[in-house]
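**Student:** Same order as they appear, the protein sequences are chains A and B. Take the first sequence: its position 57, counted from the start at 1, is 57 in our numbering, and no numbers get skipped. Take the second sequence: its position 13, counted from the start at 1, is 13 in our numbering, and no numbers get skipped.
Don't take each hint at face value.
Counterexamples of contact, computed for chain A against chain B with all Cβ distances above 12 Å [claimed, not checked]: (1) V12; (2) V19; (3) Q37; (4) P61; (5) D63; (6) E83; (7) R85; (8) V115.
If you anchor each label on the Cβ, the simulated ranges turn out as follows [claimed, not checked]: (9) B/N2 <-> A/S87: 22 to 30 Å; (10) B/N22 <-> A/E68: 37 to 45 Å; (11) B/R104 <-> A/D56: 24 to 32 Å; (12) B/E42 <-> A/P70: 23 to 31 Å.
If you are wondering where the hints come from, they were derived from the structure by calculation, not from laboratory data. Here the structure is a predicted model, which is why all the values come from computation and not from measurement. Using N, Cα and C, we set each Cβ at its ideal position, and we do this for glycine too.
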Amino acid sequence: DARVTQTPRDKVTEMGQEVTMRCQPILGHNTVFWYRQTMMQGLELLAYFRNRAPLDDSGMPKDRFSAEMPDATLATLKIQPSEPRDSAVYFCASARQGLLNTEAFFGQGTRLTVV
Amino acid sequence: GNSVTQMEGPVTLSEEAFLTINCTYTATGYPSLFWYVQYPGEGLQLLLKATKADDKGSNKGFEATYRKETTSFHLEKGSVQVSDSAVYFCAYNTDKLIFGTGTRLQVFP
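Make a model of the complete structure from these sequences and hints.
**Tutor:** Pasting the structure below:
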């Protein structure tokens, strides 16, 4: 049963600490998306990758957020330093993008609380 | 710019009522259109999709038709159940996947 796996599921950290969220996309998917979900802003696209290369990270605060794909089986989203306003649920999704754009499959999310 | 607009929620219905959640999009080209559903504490799941004009996506009694002339993809269900209570997201995909703000549906017995 192929699925997107995100770790950790929950993270509570103090303001100023570094946070790293990890995502294992579905094998064979060439596109990975990172989203942030809050009550106020809804579902925001932070960044996405195609074949491990970043295509668009314009939704991400550049001064503290960074996203990478060290290999095809791992995507990471890092916040350094974290702030209370970063508290949200962060979702990773993967897709096999081709000539016909297909649906994305979502992980269960990482619920981040910065105190 | 490209965007998706959904009706504001919450939508509150009694069981067996008819459901419509409106969705319109602004995009260049010919996007694929999707409805996703999110149950409490979970990630988003694909509910249905349509990849070209006049296509009808359907699943679990839900339907939506890709209307290019009105740039719409409204979600409908003839008879909702309590178990349909969730947040519903309209989305389109030309290269990156863009979502609407979500519409919360609450169905009461």
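**Student:** Please go over all the hints and tell whether each is borne out by the structure.
**Tutor:** Hint check:
1. The Cβ of A/V12 lies farther than 12 Å from every Cβ of chain B, with a closest approach of about 17 Å, so its non-interface assignment holds.
2. For A/V19, the condition that its CB be more than 12 Å from all CB atoms of chain B holds, with the nearest at approximately 19 Å.
3. Its closest Cβ contact with chain B, about 9 Å, brings A/Q37 to no more than 12 Å, contrary to its assignment away from the interface.
4. No beta-carbon of chain B is positioned within 12 Å of the beta-carbon of A/P61; the least distance is around 18 Å.
5. At roughly 22 Å from the closest C-beta of chain B, the C-beta of A/D63 stays outside 12 Å, upholding its exclusion from the interface.
6. With 12 Å as the threshold on Cβ separation, the claim that A/E83 sits away from chain B holds: the shortest Cβ distance comes to roughly 24 Å.
7. Every C-beta of chain B lies more than 12 Å from that of A/R85, the closest at about 19 Å, which supports listing it as non-interface.
8. With a minimum CB-CB distance of about 21 Å to chain B, A/V115 clears the 12 Å threshold, and the non-interface call stands.
9. One distance hint, 22 to 30 Å for the beta-carbon pair B/N2 and A/S87, holds here, with the actual separation near 28 Å.
10. Between B/N22 and A/E68 the CB atoms are about 38 Å apart, so this pair conforms to the stated range of 37 to 45 Å.
11. Between B/R104 and A/D56, the C-beta spacing of about 28 Å keeps the proposed range 24 to 32 Å intact.
12. For the pair B/E42 and A/P70, the beta carbons lie near 27 Å from each other, so the given range of 23 to 31 Å is met.
The earlier numbered hint that this structure contradicts is number 3, and it is the only one.
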